[in-house]
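Taken in sequence, the protein lines are chains A and B. The working numbering puts the first sequence at residues 3 to 242. The working numbering puts the second sequence at residues 65 to 286.
Worth flagging that the hints you see were computed from the coordinates, not collected in a lab. Ideal Cβ positions, reconstructed from N, Cα and C, are used throughout, including at glycine. Hints are not guaranteed to be accurate.
Claimed, not checked - Just the calculated beta-carbon pair ranges, DEER-fashion:
{"#": "1", "chain 1": "B", "residue 1": "Leu-103", "chain 2": "A", "residue 2": "Gly-190", "range": "51 to 61 Å"}
{"#": "2", "chain 1": "A", "residue 1": "Trp-112", "chain 2": "B", "residue 2": "Leu-103", "range": "45 to 55 Å"}
{"#": "3", "chain 1": "A", "residue 1": "Asp-226", "chain 2": "B", "residue 2": "Asp-142", "range": "30 to 40 Å"}
{"#": "4", "chain 1": "A", "residue 1": "Val-30", "chain 2": "B", "residue 2": "Ala-251", "range": "51 to 61 Å"}
{"#": "5", "chain 1": "B", "residue 1": "Arg-149", "chain 2": "A", "residue 2": "Asp-226", "range": "54 to 64 Å"}
{"#": "6", "chain 1": "B", "residue 1": "Leu-150", "chain 2": "A", "residue 2": "Asn-137", "range": "28 to 38 Å"}
{"#": "7", "chain 1": "B", "residue 1": "Phe-196", "chain 2": "A", "residue 2": "Ser-191", "range": "57 to 67 Å"}
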Amino acid sequence: MRTDRALRALGVAALAGMVATVWLGLFVTPNAVGFADGTVRLLYIHPPLAWVMFIAYGMATLSSLLYLWPRTRHRRFDRLAGASAEVGVIFTGLTLVTGSIWGRTTWGVWWAWDPLLTTTALLFVLYLGYLAIRNVPGDPETVARRSAIAGLVAFLDVPIVFFAVSWWRSLHQGPTIDLATRHSYVHGSMAWTLLLGFVSFTLTYVWLMAHRYRLAALKDLEDDQGLETALAERWAEAVR
Amino acid sequence: MLRDALLVCGKDLRIELRSKIGINQVAPFAAAVLLLFGLALGPSRPALQAAAAGLFWVAVLLSVVLAVQRSFAVESADAARDGLRLSGLDPAGIFLGKGAAIVVQLLVLEALLTAGVALLFGARLSGGLVLFAACVSASIGLAAVGVLYGVLSSGARVKETLLPLLLLPVAAPVLLGATKAWDDALAGDPTHAGVWLSLLAVFAVLYVAVGTVAFGPLLEDA
Chain A
3 MRTDRALRAL
13 GVAALAGMVA
23 TVWLGLFVTP
33 NAVGFADGTV
43 RLLYIHPPLA
53 WVMFIAYGMA
63 TLSSLLYLWP
73 RTRHRRFDRL
83 AGASAEVGVI
93 FTGLTLVTGS
103 IWGRTTWGVW
113 WAWDPLLTTT
123 ALLFVLYLGY
133 LAIRNVPGDP
143 ETVARRSAIA
153 GLVAFLDVPI
163 VFFAVSWWRS
173 LHQGPTIDLA
183 TRHSYVHGSM
193 AWTLLLGFVS
203 FTLTYVWLMA
213 HRYRLAALKD
223 LEDDQGLETA
233 LAERWAEAVR
Chain B
65 MLRDALLVCG
75 KDLRIELRSK
85 IGINQVAPFA
95 AAVLLLFGLA
105 LGPSRPALQA
115 AAAGLFWVAV
125 LLSVVLAVQR
135 SFAVESADAA
145 RDGLRLSGLD
155 PAGIFLGKGA
165 AIVVQLLVLE
175 ALLTAGVALL
185 FGARLSGGLV
195 LFAACVSASI
205 GLAAVGVLYG
215 VLSSGARVKE
225 TLLPLLLLPV
235 AAPVLLGATK
245 AWDDALAGDP
255 THAGVWLSLL
265 AVFAVLYVAV
275 GTVAFGPLLE
285 DA
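For reference, chain B alone in the conformation it holds in the complex (with noise of 0.2 Å):
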């Protein structure tokens, strides 16, 4: 299962890196969204130092979207899915490698916002070992809930607007608990962060846990 989990990790990120899409739209995208919360909340900045985690949670949060929706098309083009399920790789196995090449991505956007919060809206960069295990526990939640969310509605016409739908809601969890831990740390007081960083845990392992399980027979259908 690891083994194809590797496998199909390792074709995901080659497939961004040789289309570069990630770096040329999506990564640009939320540098976007970045530039318009600045425009939308004005030059204070005390008022940007004050919302700049909330902010960079939001973009990374809208980032999955494309992120997951990128994953599946590029699963939908030239039949490859079917392609994926003759492979005879185990669908947990597709799970946590389409999982594992999202939360890569998602890393790697997240450690190119950090830049941007820091630069734009003036966010001073303390409690690092918080930030980045943040990122780290939201992105495997994210990157979990996402792939299963993407799986459910790559078949549909509607899957542009139906995703969206489906996972912004359920990542709510995420979005408040990264936020209140990247808070606490950027204060420089990151006494209550451990409770935030044991939420993105919990909803990481449950939607890992409940993705190997149901992927198969939904890669089945989709």
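One chain only, chain A, in its complex shape (with noise of 0.2 Å):
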């Protein structure tokens, strides 16, 4: 069908962004100075990561909201909310590893308790734990509604985390390493090739979020009508 073929294109376009942001970033962007060898081609990656970890919680605690939202409680929202969180978990899990690389080559140490970083691995465990909790059965609305709370509640930690752990560094033990200002001086032909990255990135988050959403609803599907049904549409899909 046509969305179906739309996921497809989507995919396809995923995939060669990704290709493309290999070979840029790998062969065609120079070294930068200032860097061990080669290590700031992680630029690539690491902040595309980052960001989609960001619009994947973004996405999963907006969908909690508009699932706990009487007049737009769907369990459509509900499905998204868990589809978004478990591929955010995925890209936070990617962050926390290249950046742990990249701490490596570049402060010659896996791990520094940068306020970021902390964050991270904070966010990390909670999503988990949120993610425990969408596992534990139940009636489906039931299951839907606790998720929904449990998410809000895991999300309102972010900012907490984040500004306790600022203050901890900045007021016991002076500034930290900045992550930001090092991006800063990215230009040219690694400018574009980051942006591609991001948009990639963005696209291969959709399309594994649409795919896990897709599984999701043909879950609920055969809970409530029986697998029957869903074994039908699934040989059809095969057929087509």
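Join these two chains into a complex; the hints should help.
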């Protein structure tokens, strides 16, 4: 159907963007001065990963709110929240891993108690908890409401954690390595590659989330109408 | 609402007084945690003094998990939750009452643990007002978020493992704020403590507000 075709086109675009980012990032862009050999190339994936993490959690929170709001209460927002948070957790994990590798080559340590890093790590655990509570079985409406509230409670904690950790560092240890300033020296082919990275990672996020959403919708359908209907749909898809 | 809160708080505290689980199990657990921290860090007094505030609050945090589990185990026995729902008490009142009961228990526990860190780790208890203010505001925040997650996970079969996973990361800013306020007070220089106390207060107000609104629907579902 039309949505299938759109989804496939999205997947192809995301893949093409990824390939182009890898090619530009590894072979075309110059190595920057002041970075250990080649590590600047992490620039093209690390910030885009973090960016996707933010939009994924933003989307999960927005969907939770829409679900809780009586006028817009619909199971699709619950599915959307779950799908987005799941993809968000994956991207948080990848952000932490790439950040850690970068930190090792730049600062000489795998981990620094930087506000951003610490907040990201806590975000990872917070949303793992959210996914755990989504998996607690129960009546669909109950699970959806419980998950939406848990999602909001987790999200509310994020700014508090960030401020707490920032104060903790600034009050007691002096300013830390500022992750933001480094990115302002990006220009020319590097800037274009970074932009492409942002676009293709965002496309990948949308593609993954759409698939995850569809899977959740099929799962709900299976629960609602039994296995038969879902199987028939799946067969119909394969034939087409 | 406040009358309902007082009723529920009184009920929970009476149960705790009579069952003596808090005194017989939670307090000894917290004491054991302190002793184990001492063993892990070694007998060096300066190291223990430097770490005293953090160890105190980690011990409190671990005990909160037990207190919350206890608070909802009481409700799940003998279908007490159905009774609570049928009682016609305001859900917000039930939330505040259960939270208040946990706050009282935590304050007693914190008093015992304070004596513990002073005895075992040789912490000098200066800045008593800051110490006390941090205990009160941190306990309110922890109890609020604890009761909220307690009811969220109370219906689940995996609640024993789910609750710590949910509660401990959310409580991270409380651990940080309370530890820093205590650090400053114990070091005799509470100039920065105000920032941390206000952080604890913001956390407490936020989660009490969220819990008051969200507890009703969650109790229906549990």
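Quick rundown of the hints versus the structure:
As the Cβ distance of B:Leu-103 to A:Gly-190 is approximately 58 Å, the hint placing it in 51 to 61 Å holds. The given range of 45 to 55 Å is broken by A:Trp-112 and B:Leu-103, whose C-beta atoms sit roughly 28 Å from each other. For A:Asp-226 paired with B:Asp-142, a C-beta distance near 35 Å keeps the hint of 30 to 40 Å intact. Taking the beta carbon of each, A:Val-30 and B:Ala-251 are about 54 Å apart, inside 51 to 61 Å as hinted.
For the pair B:Arg-149 and A:Asp-226, the supplied restraint of 54 to 64 Å is violated, since their beta-carbon distance comes to about 28 Å. Between B:Leu-150 and A:Asn-137 the beta carbons are some 30 Å apart, a value that agrees with the proposed interval 28 to 38 Å. Taking 57 to 67 Å as the suggested C-beta distance range, the pair B:Phe-196 and A:Ser-191 conforms, at roughly 60 Å.
Checked against the numbered hints given earlier, the structure breaks hints 2 and 5 and satisfies all the rest.
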